[in-house]
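Colleague: Chains as they are written, first to last, in numbering that gives the first Met the number 0: chain A, 0 to 256; chain B, 0 to 256.
Don't take every hint at face value.
What the hints assert, rightly or not - Below, simulated DSS-like cross-link-like pairs (lysine-lysine); rule was C-alpha separation at most 25 angstroms, straight line: (1) B/62 - A/146; (2) B/146 - A/114; (3) A/62 - B/60; (4) B/60 - A/60; (5) B/176 - A/146; (6) A/44 - B/166; (7) B/166 - B/176; (8) A/36 - A/60.
Unchecked claim - Covered by chain A, per the in silico footprint, the following chain B stretches (three or more residues, Cβ under 8 angstroms): (9) 74–84; (10) 106–117.
Treat the hints as calculated values from the structure; they're not laboratory data.
What you are looking at is a predicted structure, and each value in this text was computed from that prediction instead of being measured.
Idealized CB from N, CA, C, for every residue including glycine.
2 protein chains.
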Amino acid sequence: MPLIQSVDRALRILDLFDEYTTELKITEISRRLDLNKSTAHSLLKTLQQHGYIDQDHETGKYKLGLKLFERGNLVVGHLDVRSIARQHLLELSMQTGYTLHLVILDGREGLYIDKVEGSSATVVYSRIGRRIPIHSSGVGKALVAFKSPAELRQILEGYVYHRQTEKTITNEQDFLKELERVRERGYAIDHEENEPGITCIAIPIRNHMGEVTAAISLSMPTPNMTPGALETLVPKIKAAGEVISQQLGYQPALRTY
Amino acid sequence: MPLIQSVDRALRILDLFDEYTTELKITEISRRLDLNKSTAHSLLKTLQQHGYIDQDHETGKYKLGLKLFERGNLVVGHLDVRSIARQHLLELSMQTGYTLHLVILDGREGLYIDKVEGSSATVVYSRIGRRIPIHSSGVGKALVAFKSPAELRQILEGYVYHRQTEKTITNEQDFLKELERVRERGYAIDHEENEPGITCIAIPIRNHMGEVTAAISLSMPTPNMTPGALETLVPKIKAAGEVISQQLGYQPALRTY
DNA sequence: CTTGATAGTTTTATAATATAAAACTACGTT
DNA sequence: AACGTAGTTTTATATTATAAAACTATCAAG
Chain A
0 MPLIQSVDRA
10 LRILDLFDEY
20 TTELKITEIS
30 RRLDLNKSTA
40 HSLLKTLQQH
50 GYIDQDHETG
60 KYKLGLKLFE
70 RGNLVVGHLD
80 VRSIARQHLL
90 ELSMQTGYTL
100 HLVILDGREG
110 LYIDKVEGSS
120 ATVVYSRIGR
130 RIPIHSSGVG
140 KALVAFKSPA
150 ELRQILEGYV
160 YHRQTEKTIT
170 NEQDFLKELE
180 RVRERGYAID
190 HEENEPGITC
200 IAIPIRNHMG
210 EVTAAISLSM
220 PTPNMTPGAL
230 ETLVPKIKAA
240 GEVISQQLGY
250 QPALRTY
Chain B
0 MPLIQSVDRA
10 LRILDLFDEY
20 TTELKITEIS
30 RRLDLNKSTA
40 HSLLKTLQQH
50 GYIDQDHETG
60 KYKLGLKLFE
70 RGNLVVGHLD
80 VRSIARQHLL
90 ELSMQTGYTL
100 HLVILDGREG
110 LYIDKVEGSS
120 ATVVYSRIGR
130 RIPIHSSGVG
140 KALVAFKSPA
150 ELRQILEGYV
160 YHRQTEKTIT
170 NEQDFLKELE
180 RVRERGYAID
190 HEENEPGITC
200 IAIPIRNHMG
210 EVTAAISLSM
220 PTPNMTPGAL
230 ETLVPKIKAA
240 GEVISQQLGY
250 QPALRTY
């Protein structure tokens with residue numbers, strides 16, 4: 000695949016920032032990317048001119064620009080699933096007091112596109128715009144469990160099962176077995192596999208063609224996940240998932256295979 | 000300012016998309032930017048490799064990638080004003096039934112970073128991630144009215160007062176007079192200046208240093224803006240604005256000048 | 001106050017890359 | 001089957017991105 004080195008370098012600059020690294024000096028940027036400082040300077044000024052990078056007037060440090068937010072919301076802002084699901088997440092959060100999420104698959108990761116905080120915010124990991132591994136999260140499992148064998152093979156080729164907690168699945172065999180359980184039950188669970196002390200129940204969302212393109216999940220502190228709670232919550236989340244899918248045009252009665 | 004042509008070109012590709020143009024063919028992209036199709040192809044493939052552009056497998060058309068959403072939320076996700084204001088927007092919307100917005104200044108435009116729909120969604124213009132002119136909107140006026148004369152001069156140098164509706168202010172003199180009224184009242188109004196049939200009340204939000212860095216607004220259909228409604232709503236929105244500013248560390252009592 | 005180190009910005013020669021012409025593949029229409 | 005258009009690939013070379021060098025600015029140490 001053809002690659003333009005200077006564009007590649009500019010976009011790598013954008014990749015340097017994260018939740019904890021919100022600003023960087025030019026010397027740090029050139030050091031991390033092994034670039035000459037005048038090259039880094041030119042790249043930064045081009046990004047800045049377009050609004051993708053901003054420079055703090057007082058400290059001279061660089062940070063991500065708001066143009067990313069503007070353009071980013073164009074991607075997600077017109078997704079039907081987001082506006083339709085929103086109401087349901089709000090309702091479920093009010094009914095249960097727990098945190099709800101909406102996630103879509105992007106490549107071989109989930110991406111949080113909505114989140115409704117519960118009354119006591121205990122979920123730390125999730126954040127709109129953040130990515131989440133498919134093997135260690137309820138939403139990740141729900142997103143890929145119903146893919147065709149060919150699609151699943153493509154997604155999992157070369158996939159690395161990084162350990163997130165002591166309970167994370169770390170090999171493909173166990174992961175495939177778990178996906179089988181997801182298909183049987185119709186929902187996914189992650190018991191502290193992604194975030195210690197947090198358990199999530201996730202339901203796939205289908206589009207008008209019956210394909211799973213999103214998932215919703217409810218997250219809670221593990222001690223709250225009693226058998227009784229599971230029996231109460233799963234039907235509620237499933238019901239919300241079905242309504243969201245139907246509002247997206249999914250017609251389950253036509254699914255004869 | 001040094002500019003790297005190929006990075007500039009790549010970012011211009013990202014600018015081609017908008018709310019109505021969500022996908023484009025490679026020939027259209029090369030035509031619009033007056034680029035050779037093989038140049039466009041190389042640029043697109045580099046953007047795609049980083050996730051900033053996606054290609055539809057069935058149609059071959061290009062669209063903005065989710066990496067923009069991810070990076071964009073890094074910019075805004077850690078802004079205190081957003082999480083603090085959120086609660087107040089929700090409360091005001093529940094109390095009044097109207098749509099509330101949170102906007103920050105980015106260059107010489109406002110940028111919507113949060114929105115809470117009222118019970119009857121009548122505001123069409125605003126959308127999270129969208130930009131809004133400062134001269135024709137309540138939030139825009141609120142954002143710039145309290146700038147120092149030097150800052151205001153810098154913002155307005157070369158500024159073009161595009162007509163948005165029949166009621167838009169279209170020259171600097173009238174705009175500066177209007178900003179004076181905003182300073183006197185402590186809030187801004189746009190009477191159908193930005194969107195026909197919609198009136199907005201906006202309040203500036205100050206940070207811990209007393210600088211206006213954001214604004215909130217309540218929007219309603221113009222017929223609902225009776226004198227009685229104004230008398231009722233302005234104090235509520237002002238109160239919310241003051242609490243949000245205080246929660247951001249603003250201390251009004253220290254403002255002796 | 002001077003000196004030295006480091007960071008950031010600018011200049012410019014040239015090595016390296018981006019560019020676009022040409023060629024190729026694929027698809028749809030006539 | 002032929003033609004036109006879209007999309008992708010190849011490759012020669014014109015053009016640009018690159019980085020060395022120089023400059024400016026700031027800060028800390030002596």
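Colleague: Run every hint past the structure and note whether it holds.
Modeller: Evaluated hints:
no. : hint          : result
1   : B/62 - A/146  : holds (23 angstroms)
2   : B/146 - A/114 : violated (35 angstroms)
3   : A/62 - B/60   : violated (31 angstroms)
4   : B/60 - A/60   : violated (37 angstroms)
5   : B/176 - A/146 : violated (61 angstroms)
6   : A/44 - B/166  : violated (38 angstroms)
7   : B/166 - B/176 : holds (15 angstroms)
8   : A/36 - A/60   : holds (14 angstroms)
9   : 74–84         : holds (count 4)
10  : 106–117       : holds (count 3)
The structure shown violates the earlier hints numbered 2, 3, 4, 5 and 6.
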